[in-house]
Amino acid sequence: MKYMYFPGCSLKSSGRLYEQSLMAVLNRMNFTIHEIENWNCCGATTYMSINENYAIEIASRNLALAERQGGDEIIVPCAACYMGLLKTQNYIATDEAIRTRVHRELAKTGLSGNLTIKVRHPLDLFVNIIGLDAIKQHVQAPLKGLKVASYYGCQLIRPFSTFDNVWDPQTLDMIVKVLGGESLYWPLKTRCCSGSMTSTMPNIGSRMNFVLLQNAKSRGADVIITACPLCQFNLECFQGKLSKQYREDVRMPVMYFTQLMGLAFGLSEKELGLNRMLSPALSHS
Amino acid sequence: MTTNHEIRTGFYICHCGHNIAGVIDVMAVTEYAAKLPFVVVSRDYKYMCSDPGQELIQKDIKELNLNRIVVASCSPLLHEATFRAATAKAGLNQFFMQMVNIRENDSWVHEDKEMATLKAKDLVRAAIHRVAYHKALEKKKVPVNPDVLIVGGGISGITAALTLANAGKKVYLVEKDPTIGGYMAKFDKTFPTLDCAACILTPKMSAVKEHPNITLWSYSEVTKVDGYVGNYTVQVTRKPRYIIEDLCVGCLSCIDACIYKEGKFPSEFDVGLSKRKPVYIPFPQATPLVVVVDRDTCIYFKTGKCPQSCAKACDRNAFDFNQQPEVKEIQVGTVILSTGFKTFDATRAPYYGYGRYPNVFTSLEIERLVNASGPTEGHVLCKDGREPQNIGIIHCVGSRDEKTNKWCSRVCCMYSLKLAHLLKEHTGADIYNFYIDMRTPGKGYEEFYDKLLNEGVHFIRGRVAEVSDWAITHVEEGKLVIRVEDTMIGVVRRIPVDMVVLSVGMEPGDDAQELRRLFNISCSNEGFFLERHPKLAPVDTFTDGIFIAGACQGPKDIPDSVAQAGAAAAQALALIDTGYVELEPNTAFIVEELCSGCRVCVTMCPYKAISYDEEKHKASINEALCKGCGTCVAACGSGAIFQNLFDDEEILSEIKGVLVE
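Chains A and B, in that order, are what the protein sequence lines are. This note's numbering puts the first residue of the first sequence at 1, with every later residue one more than the last. This note's numbering puts the first residue of the second sequence at 1, with every later residue one more than the last.
Note that these hints are calculated values from the structure, not bench results. Incorrect hints may have been included.
In silico lysine-lysine, DSSO-like type, Cα no more than 27 Å apart, as pairs [what the hints assert, rightly or not]: (1) 239/B with 224/B; (2) 141/B with 89/B; (3) 217/A with 479/B; (4) 35/B with 59/B; (5) 46/B with 35/B; (6) 147/A with 479/B; (7) 305/B with 264/B; (8) 176/B with 141/B; (9) 403/B with 118/A.
Produce the complete structure using the sequences and hints provided.
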């Protein structure tokens, strides 16, 4: 089984700590993924809303490349990339006009393929392929007493993915538990982080960020973990501003779930990029 | 056999108003048929099924000495019986009549008039060829056993049982639970009259128990069914209740004497809201009033170490800890299934927090809470003992929902109104109903809705998104917050309440599939039992002699269930009082000399109609069980099986007729 890896733009820029920690954790577990050579934008968010046709075509190129490079599955950590690729596959499978156009456009660049390669999120990989038992075996520093709010965001588990319960997702909580932490009940765990509205409509966006942070904190969470670079960015970057704006201290660590795994695995803060976080880094003992 | 030169066929084509004549050139078909072999007369008529239409055929049979009739009209399902009867009335064997379906199979499904007319001609030609080979057949009569089995002792089963028993018929009523009464026994009041459910139900339960014509087997299940309409052999297994039913008088001393001083296990009757002991009765008016020992929770069965204080307390020696399942075999002619429904499991809608938040209840739980004989004697309190100040009732939980069940459960709007009224009466709380559409079709139902509006109950139109403890304002602290789009004013609202009631929908029972197989009937897509015709045969099934009543056929309220139970009883009575059933002669039969005894047919028959004679080494077909599907005829390697109305000559001539002009 050859697992390909599609980083997308985020994991090479604002979300590089996600990539860094994911690689560190997978490395510790002796699990190899291969970055797709010559990948391009996944076509998500802005592109998808401005020109869906082009977005689907460029996304398809990544699928075709992964297939040509001998991949059996693609691991896609960014929730937006993940959803974008799944959406592309769904459209290709169900709409003949789109299917025909995509293959025609790919042919112009000398590419072809079924475009049905399995697209999998790392969360799905950890829980359903690698398995919770294997994760447990690597835990060296159990997160005893750590109260974790697992944040899934809006697009990781719907509408195209099928690996978790849409209404009450559990995979992050399951990982927290095997790491020895306490998974908090948090009804807001699938509520939107406001996406790109933090920059386009800041007053609405900041309200949405605040609600999530405030609620997690009031429930006693020590840390919020996410599986999406945009969620992590939105929840982490504006904490100081939000605390002032709403006159309530909502500062707290917002980490990638892979960073939390790494901590429990005994990896150093540096290996996991925790020294580069904006929010107060977790001092784990 | 009739030789060709004697055959005189009459052909009749129906316009069916515009249904057929609007697409098919009826005159062209009439003229065409007139030239076909053996056709003596060819006529058209506006409505062949009308009296003048039928008389036309009868007159021709007599005056023109016709001995074959072909009628081109609608589906045989509708009028085959009509034209067969007309043929017989004129003195001709009814099986010399053949119908051609040029409506459902032609005019209703085609637009091209020319091609549709051509198709009609082909079909007519096939029938005229085939009918020449028809033989005179007789319908067999089989006597009907007058005894009736009713499965399920809810309000439907009780009603059907009493109706039949009062008509002098012997009834076996089989109920899987320790008591009859079903869901209705759990309800407090009934809509829209607010009658006390127990007050109107328990007299009927007692009447069942006392009726000399009813044999009531509670805590029992049907385990095997053989036979056919009028003559079913049914095996009923009586589960051990570890009490000799005839000896128990329901004094309940044993329950007091149980080594558990207090109830410890969730009461099934109170849907888990109260606790019972391992030896218990479901509720004070349980019928029969016979205690039951629950093997799973009884210390004696679990450890063998119990002084059996219950048994010692029984001065009638009714206890028998060695009781085994008892198998009864009965003969009945007809069966009524009234096996009911189950309520939607609210944990399947996690966004409403059932099982997560203690103060989220199902409607059935609230029925018990508002009930004076319920676990709290009618006091409706939150789990922490607070009186609720505001209560939200969420409609359509597990109904009208792409994610769970698509159907409307029909009763929830009305019972939600009833619960709103009762909750307001009991608690004085502010009540919010969250609905998609208010569905109140029924006598006095809309008026009840009006009454609730005037009582000051709030109605918010919108499907609730979620129930959570996520408080934003101080008012919301410690409350359950219902988030909903109020579609009347077009805004998303947050309604903080102390208690949430989920109006759960109705689903097919867990045992519906098993029962379906046992009684060889069908289910519709969602799993409720399928009626023979949604409008004209709502309590019949596709298996003769098996009838359905109540919510096992689909969601319905008490009045509709009772009405259906009466209808099912009447259908059973009609069969019983006729005294016999006529069997279609289109059955298969085995020519013994040709049978090699390979038994292929025995395994192929879907109706278990073929048996094997071990001595003669031959198979034989029970005509009463055979449905004429033809599977065995095709499967028989020796060519020993034939089927009336579908012998080789008939089929080949029909094929030739349709293919060769």
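Status of the hints after comparison with the structure:
1. 239/B with 224/B: holds, 15 Å
2. 141/B with 89/B: This hinted pair holds, its Cα atoms lying about 19 Å apart.
3. 217/A with 479/B: holds, 19 Å
4. 35/B with 59/B: At roughly 21 Å apart (the allowed maximum being 27 Å), residue 59/B and residue 35/B satisfy the hint.
5. 46/B with 35/B: Cα-Cα ~22 Å, so holds.
6. 147/A with 479/B: holds, 23 Å
7. 305/B with 264/B: holds, 18 Å
8. 176/B with 141/B: violated, 35 Å
9. 403/B with 118/A: Roughly 25 Å separates the two Cα atoms, so the pair holds.
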